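Colleague: Full structure from sequences and hints, please.
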Amino acid sequence: MDIYREIILDNYNHPHNFGRILKPTVSSGQNNPSCGDDISMDIIVKNNLITDIKFHGLGCAISIASASLLTENVLGKNIDQINMMNKDDILKLLGITLTPTRLKCALLPLEVLHKTISLIQ
Amino acid sequence: MINIKSDFPIFRGQKDLVYLDSTATTLKSQSVINAVSDYYSNYSANVFRGVYKISEKATEEYEKAREKVANFIGAKVEEIIFLRNTTEALNLIYYSWAQNYIKKGDVVLTSIMEHHSNFVPWQQLCKQKGAEFKIFDIDENGKLILHKSLLTNVKLLALTHVSNVLGTINPVKEIIKQVRLANPNCVVVVDGAQAVPHMKINVVDLDCDFYCFSGHKMLGPTGIGVLWGKKILLDGMTPFNYGGEMISRVTVEKTDFKQIPYKFEAGTPHIAGAIALGTAIDYLSKIGMDKVRKHEIEITDYALKELSKVDKLKIYGPTLAVERGGVIAFTIEGIHPHDIAQILDSENICIRSGNQCAMPLHQKLGIAASARASFYIYTTKNDIDKLVLGLKKVIWTFTEK
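Residue numbers (the working numbering), protein chains in the order written: chain A, 31 to 151; chain B, 4 to 404.
The hints are simulated quantities; they were obtained by calculation from the structure and are not laboratory data. Owing to the predicted nature of the structure, the values given are computational and were not obtained by experimental measurement. Where hints are given, some of them may not hold.
[Stated by the list, open to error] Distance condition first, Cα-Cα at most 27 Å in a straight line; then the derived DSS-like pairs of lysine-lysine:
#1 B:K294 <-> B:K79
#2 B:K404 <-> A:K122
#3 B:K367 <-> B:K308
#4 B:K384 <-> B:K315
#5 B:K315 <-> B:K8
#6 B:K308 <-> B:K396
#7 B:K79 <-> B:K308
#8 B:K396 <-> A:K134
#9 A:K134 <-> B:K367
[Stated by the list, open to error] Derived list of chain B stretches under chain A, where covered just means 3 residues or more per stretch with a C-beta under 8 Å from a C-beta of chain A:
#10 339-351
#11 397-403
For glycine and all other residues, C-beta sits at the position ideal for the given N, C-alpha and C.
Modeller: Shown next as structure tokens:
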């Protein structure tokens with residue numbers, strides 16, 4: 031049961047960067063049909079850097095904690111760096127190992143982030 | 004109370020396993036496993052083809068299984084078609100009956116509590132044909148609201164016998180009577196996946212036209228399911244699959260098809276699956292379906308009482324155990340069903356979490372997902388006690404310290 035570590039529960043109960051940005055550069059969202067998790071992100075990009083990011087939606091502890099830790103991690107990073115991020119980066123942020131079904135929960139925020147930045151003109 | 008865990012070898016290897024996902028699929032008894040093994044070990048020949056002894060034996064056992072299924076649901080043997088599962092049976096009706104008979108302006112009636120496999124085919128059918136797609140809604144207790152106005156011009160009624168989420172046992176016989184009164188030519192499809200394993204069913208008494216169920220939800224192997232249909236309808240339907248064993252004569256110019264049920268069983272069937280489904284029926288019949296149902300009511304009644312004591316837990320569906328099958332969907336405020344299931348798994352308790360293949364119902368209930376505990380003949384009150392204890396651990400985990 032060590033996937034419900036304190037860091038996961040803290041980030042679920044008090045997620046960082048939870049909310050909306052009034053005038054984002056770009057926004058998008060995605061859901062996970064098997065569990066109904068639904069995460070959306072608003073991003074402000076300046077000079078190829080993420081200067082502000084917020085997420086909102088519904089999810090399990092893993093997906094919400096993942097979104098909280100991910101948005102915190104990418105703040106200030108450039109788009110190319112973020113495009114390089116993969117599964118291993120997320121697992122490192124969460125500090126846990128997951129079964130294939132729960133991995134989908136953990137990776138949903140990264141998918142949303144990649145989708146959102148792909149929409150930047 | 005029945006206590007037959009010793010008949011199920013999975014409990015020999017995993018003594019502490021609390022299996023509460025029988026609505027998804029049931030565990031297998033030793034006798035069912037033996038039947039599969041016996042076929043592959045001792046007479047693994049094809050059916051209908053060989054004149055040699057083991058092929059004759061395979062054919063005989065396969066047909067005996069068909070007879071057992073027919074007797075089990077009060078049907079004629081020739082009206083029993085072996086397919087993969089309920090989903091395939093419903094799709095066969097969609098392709099071979101509905102495509103040819105549903106026309107623009109017809110009404111197709113179903114309900115909000117359907118499993119996707121008894122919802123999506125009819126929704127798509129209506130889009131394709133320009134037919135009208137109508138839906139029975141539910142009340143706050145998860146029971147169908149039977150508005151008479153919905154019964155006008157209904158050409159096809161597709162309804163689940165027992166909800167796989169709410170557990171609601173629908174008054175199918177009464178609904179069919181009403182719909183036939185309003186529309187004598189209406190065809191009625193019943194999804195019996197959650198009913199046949201749990202209670203005595205008689206398709207003639209129900210007066211439906213098609214009835215579908217899966218073997219793996221009643222102790223049988225996966226990959227074997229049943230479509231029952233009235234002969235007069237099946238005879239008039241085009242084949243679903245073309246191929247071997249479903250033809251009586253093929254020339255370069257034309258093909259004559261066999262009579263039912265073979266017309267709908269192209270290719271080598273799941274022989275071991277059908278035979279072992281017959282063994283599962285033997286096992287259930289030996290216990291007696293009345294006892295199976297009685298056991299489930301006792302377990303469900305106990306579970307409803309115990310679960311309702313858990314803080315912040317909300318149960319969906321009818322309040323009385325006699326009005327529902329052995330399935331309880333619930334949510335706990337502030338905790339996602341996936342997290343409930345994951346923490347229970349760490350205690351060796353298996354429950355389902357998600358939308359249970361019933362997204363329209365979850366939308367109606369105003370939730371994205373639910374947790375679901377479901378029971379069968381091997382479920383004991385001790386299993387329910389462990390579930391409740393597990394749920395307390397779930398809540399404790401999510402309580403801020």
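Colleague: Give a verdict on every hint.
Modeller: Evaluation of the provided hints:
1. B:K294 <-> B:K79: Given pair B:K294, B:K79 holds - Cα atoms ~25 Å apart, limit 27 Å.
2. B:K404 <-> A:K122: Answer holds: B:K404 to A:K122 is near 25 Å, not above 27 Å.
3. B:K367 <-> B:K308: Roughly 25 Å between the alpha carbons, so the hint for B:K367 and B:K308 holds.
4. B:K384 <-> B:K315: holds, 22 Å
5. B:K315 <-> B:K8: Not satisfied, since the Cα-Cα distance of roughly 32 Å exceeds 27 Å.
6. B:K308 <-> B:K396: This hinted pair holds, its Cα atoms lying about 19 Å apart.
7. B:K79 <-> B:K308: violated, 41 Å
8. B:K396 <-> A:K134: Distance of about 24 Å is within 27 Å: holds.
9. A:K134 <-> B:K367: holds, 25 Å
10. 339-351: holds (count 7)
11. 397-403: holds (count 3)
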